[in-house]
Amino acid sequence: MIVDYCLHVRAVVVVVVAALIAASCAADDSAPGADVTVFAAASLTAAFTELGDAFSDVDPDVAITFSFAGSSDLAAQIVEGAPADVFASADLANMARVADAGAASGSPTVFATNTAEIIVEAGNPKGIAGVADLADDELVVVQCAPQVPCGAYAEQVLATAGVDITPDSFEASVSGVVTKVTLGEADAGIVYRTDVLAAGGGAEGVVIPDDINVVADYPVAVTSGSSNPDGANRFIEFVQSDAGRAVLASYGFGAP
Amino acid sequence: MTRRGRRVGLPFPALLLAGIAIAFFALPLVGLLWRAPWSSAWTYLTEDTALTALRLSLVTSLCATALSIVFGVPLAWLLARVDFPGRGAVRALCLLSMVLPPVVGGVALFFALGRRGVVGQYLDEWFGITLPFTTAGVVVAQTFVAMPFLVITVEAALRQLDPRLDDASRTLGASRWYTFRRVTLPAIRPALIAGAVLAWARAFGEFGATITFAGNFPGTTQTMPLAVFLSLETNPEEAVVLALVMIAVSFAVLAGLRDRWFGAAAQPAGAAT
Amino acid sequence: MTLDAQIGLQLGSLDLDVELRAAPGEVVALLGPNGAGKSTVLRCLAGLVPLDRGCIEIDGVVVDDPAGDVLVEPEARPTGFVFQDYVLFDHLSVVENVAYGMRARGTARREARQRAHEWLERFDLADYAQQRPGALSGGQAQRVALARALATSPRLLLLDEPLAALDAGTRANVRRDLRRHLAGFDGMRLVVTHDPVDAYALADRVVVLESGRIVQTGTLAEVTAHPRTRYVADLVGVNLIVGDVVDGVLTTPSGARVVIADASDGRTLATIRPHSVLLARGDAVVSSARNTWRGTISDIDRLGDRVRLVIEGELALTAEITAAALDDLDLRPGDDVHASVKATDIEVAPA
Chain Y
13 MIVDYCLHVR AVVVVVVAAL IAASCAADDS APGADVTVFA AASLTAAFTE LGDAFSDVDP
73 DVAITFSFAG SSDLAAQIVE GAPADVFASA DLANMARVAD AGAASGSPTV FATNTAEIIV
133 EAGNPKGIAG VADLADDELV VVQCAPQVPC GAYAEQVLAT AGVDITPDSF EASVSGVVTK
193 VTLGEADAGI VYRTDVLAAG GGAEGVVIPD DINVVADYPV AVTSGSSNPD GANRFIEFVQ
253 SDAGRAVLAS YGFGAP
Chain C
30 MTRRGRRVGL PFPALLLAGI AIAFFALPLV GLLWRAPWSS AWTYLTEDTA LTALRLSLVT
90 SLCATALSIV FGVPLAWLLA RVDFPGRGAV RALCLLSMVL PPVVGGVALF FALGRRGVVG
150 QYLDEWFGIT LPFTTAGVVV AQTFVAMPFL VITVEAALRQ LDPRLDDASR TLGASRWYTF
210 RRVTLPAIRP ALIAGAVLAW ARAFGEFGAT ITFAGNFPGT TQTMPLAVFL SLETNPEEAV
270 VLALVMIAVS FAVLAGLRDR WFGAAAQPAG AAT
Chain W
235 MTLDAQIGLQ LGSLDLDVEL RAAPGEVVAL LGPNGAGKST VLRCLAGLVP LDRGCIEIDG
295 VVVDDPAGDV LVEPEARPTG FVFQDYVLFD HLSVVENVAY GMRARGTARR EARQRAHEWL
355 ERFDLADYAQ QRPGALSGGQ AQRVALARAL ATSPRLLLLD EPLAALDAGT RANVRRDLRR
415 HLAGFDGMRL VVTHDPVDAY ALADRVVVLE SGRIVQTGTL AEVTAHPRTR YVADLVGVNL
475 IVGDVVDGVL TTPSGARVVI ADASDGRTLA TIRPHSVLLA RGDAVVSSAR NTWRGTISDI
535 DRLGDRVRLV IEGELALTAE ITAAALDDLD LRPGDDVHAS VKATDIEVAP A
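Chains as they are written, first to last, in my numbering: chain Y, 13 to 268; chain C, 30 to 302; chain W, 235 to 585.
Since the hints were derived computationally from the structure, they do not count as laboratory data. Cβ coordinates follow ideal geometry from the N, Cα and C atoms, glycine included. Just so you know, not all the hints are guaranteed correct.
Beyond 12 Å from chain C on every Cβ pair, some chain Y residues (computed) [to be verified]: (1) A87; (2) A157; (3) D199; (4) N240; (5) D242; (6) A261; (7) P268.
If you want a taste of the chain C side facing chain Y, the calculated C-beta under 7 Å gives, among others [what the hints assert, rightly or not]: (8) I51; (9) F113; (10) G143; (11) R144; (12) R145; (13) P161; (14) F162; (15) T164; (16) A165; (17) N245; (18) E262.
Next up, chain Y with everything else stripped away, as it sits in the complex:
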């Protein structure tokens, strides 16, 4: 009986220790006050990373950490209570989702714009000149899925241009489109202008005329659950400052 008791005690100790280990593995280094967590759309990755570095030079007390993903993923996480201080979305719809759920404090402001552009392989071997050319069945055209912002914009452009295309694939993210085009698997795709620039030498862009193009508004807001609203606001101010705008422009973003 004593043996049984010892065995039980030992078992409970093992379980408690295991739980503690698991908990410590999962626990965030939840920073009090001085840190700001920014959830930003994937298309902002390069630009915001540079902005973060620049901000640290200007305001060294605040440490910025970023989480880049699809805007709808981020919106869903914030609504479920993820510990974000700032949310920068690639479209108004996802920001609205967050705001409707009461997770945004104050009203969001648009800090940048983006436009759609056709991306083709370097050298444009298939000689694509415009949106109308995408309707050619011989071409392998890929597009973002309509469920993601980039895809929604693409559909808008096509609708405005009156072109009906059947893409060969609806990619889950912009990177999927860019990768397939730069690798030569797809002949063309519709992505953001910033993505074409980011692709560098691997790809080229074919400009979409302004009259059929969309303007993607990028809104930013502090989350209502933020643990550091002060730091969050300072970051947002920096983004909208001249310095911030310059950085954004260098990546291809337009002014709001």
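The hints should help you fit chains C and W onto chain Y, whose structure is shown.
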């Protein structure tokens, strides 16, 4: 130990840990069931997207399993029975996709079988065969990730077989092929079934390699996992319903497997005296 | 209808170099210690192991000739094999096991089953036809293995330690049955065994294999009467002494002297049967025995009415006396004794 403990046959600490493990697996399912939109579930289920994706998933995963068996069993036979130089390296190569992140596998398939791929470019030029963005491409991606599971299971079983069974069969006049059909295969049947089920499950749930290599188009390449992922973007409720469908199908298959199909082989002769 | 085999093979540490012949209707026993290569010889004949050099010819057909680049697969050879622990197919019934060979060679299912049933009748196993091998006893399994091998009408039947997997009790009965079944088979039969009693019961001729070489052939009586190596001598329990004979005296390498009769000079094998050894306590005995050695009893082994004593000393010997004699002399391990052997009781043969 108490009488009850003795009946269970497991010491208490082990039982406790096992119970935690079961809870670990059950909780996500419970979570899904709890958040499922039961009132609108039927609408989502009977929608075109869901049914098409499910049918495509079932067809492609079964094809991938069939291919895994057709090519995987001879491979397992080779690895188990023939001692050739570099066998270890070949085995590692064949099992590589088990440890590769699926997206990496998809990208690798691109470079091999895509339009500009090492082999793919000739497939395109000479035969007009393209694999990316086609259902065949989905099957290829699924087979790539699923076959190693079958190979590893079957090879282990073949190694455990008494090699003299082959000898006995051949001295009785059976060719190698006859021996394989009538002696070896029946002997490894449990492992073959287990391996096929593992391969099917892996193929059914395959996402990363599929979306990277084959793309995503409803009816052609949009399998269930892809449909779930995309519906998560705009309609989480629908995503939950689709996810539950996948779970129900997988559960039915796995639960339907009888214990005895995984059972040990019969006792050897002379054991009963 | 003969077997003519020259087997040359290097397998791991075994260097096999054997010449073997068998005539139809002959049962040859292959005797030898573990590792001698007996099973390997059978596997070569069956085609499970290819030769390095040599030639195997069964019924005039060359089945293995490395020099001539001929290698006939096991399934094409007229050989039947009974394995040491039978290796029956567990997933098939007894009758399916026996029918297997016929089916593999193309016989229709119904006919094969019918003939398999006939074989089972012959082996008294008809009642077990539908059972699985797992349900059989050792003796029954052995009969199934034998029936299975015979069902394909082989010309050469190879049995690898057919009685080794049985316990002592069933062994004698099974051996008797095996003898009967083998007698009904008209091809060549090769039995591998390490038990001389098996050889005695089953075989016409004995071939002794040691370390990959044949050291002796002949009938069992010949071999036991004139053993040529330590192994054979130990196997049938005789004392074997090797030495050089000069003028009727054999001197062993260790210096012991043995007086022998009918000896010619040269290297000689002398056999002393244990029951020819006379033991005496105390001082040296004066008798007509020309040979007397001093020694100490190191081991005593009772076998019913007889007792075997191992004596260490000038010349290591095994002696066999009655239990009564042992008690009378009150011999125990450690006692000093004199061992005597008459010169006429010693058999000699040139080495």
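Against the structure, the hints:
1. Some Cβ of chain C comes within 12 Å of the Cβ of A87 (chain Y); the nearest lies about 9 Å off, and the non-interface call is violated.
2. Interface exclusion of A157 (chain Y) from chain C breaks down, the closest Cβ pair being 5 Å apart, not more than 12 Å.
3. The Cβ of D199 (chain Y) does not lie farther than 12 Å from every Cβ of chain C; its closest approach is about 9 Å, which violates its non-interface assignment.
4. With a minimum CB-CB distance of about 28 Å to chain C, N240 (chain Y) clears the 12 Å threshold, and the non-interface call stands.
5. Distance to chain C confirms D242 (chain Y) as a non-interface residue, since its nearest Cβ pair spans about 32 Å, more than 12 Å.
6. In this structure A261 (chain Y) is separated from chain C by more than 12 Å, as the shortest Cβ-Cβ distance comes to about 29 Å.
7. Look at P268 (chain Y): its CB is around 25 Å from the nearest CB on chain C, clear of 12 Å, so calling it non-interface holds up.
8. Checking I51 (chain C) against chain Y: minimum C-beta separation of about 14 Å lies over 7 Å; hint violated.
9. Given hint, F113 (chain C) at the interface with chain Y, is violated; its Cβ is 35 Å from that chain's nearest Cβ, farther than 7 Å.
10. Among the interface hints, the one on G143 (chain C) holds; its C-beta lies about 5 Å from the nearest C-beta in chain Y, closer than the 7 Å criterion.
11. Against a cut-off of 7 Å between C-beta atoms, the interface hint on R144 (chain C) holds, since the closest Cβ of chain Y lies about 5 Å away.
12. Look at R145 (chain C): its Cβ gets to within about 4 Å of chain Y, closer than 7 Å, so that hint holds up.
13. Against a cut-off of 7 Å between C-beta atoms, the interface hint on P161 (chain C) holds, since the closest Cβ of chain Y lies about 5 Å away.
14. At about 4 Å, the closest approach between the beta carbon of F162 (chain C) and any beta carbon in chain Y falls short of 7 Å, and the interface hint on this residue holds.
15. About 12 Å separates the beta-carbon of T164 (chain C) from the nearest beta-carbon of chain Y, more than 7 Å, and the hint is not met.
16. With 7 Å as the threshold, the beta carbon of A165 (chain C) stays out of range of chain Y, its nearest partner Cβ sitting at about 14 Å, so the hint is violated.
17. About 5 Å separates the beta-carbon of N245 (chain C) from the nearest beta-carbon of chain Y, less than 7 Å, and the hint is met.
18. A least Cβ separation of about 4 Å between E262 (chain C) and chain Y falls short of the 7 Å threshold, and the interface hint therefore holds.
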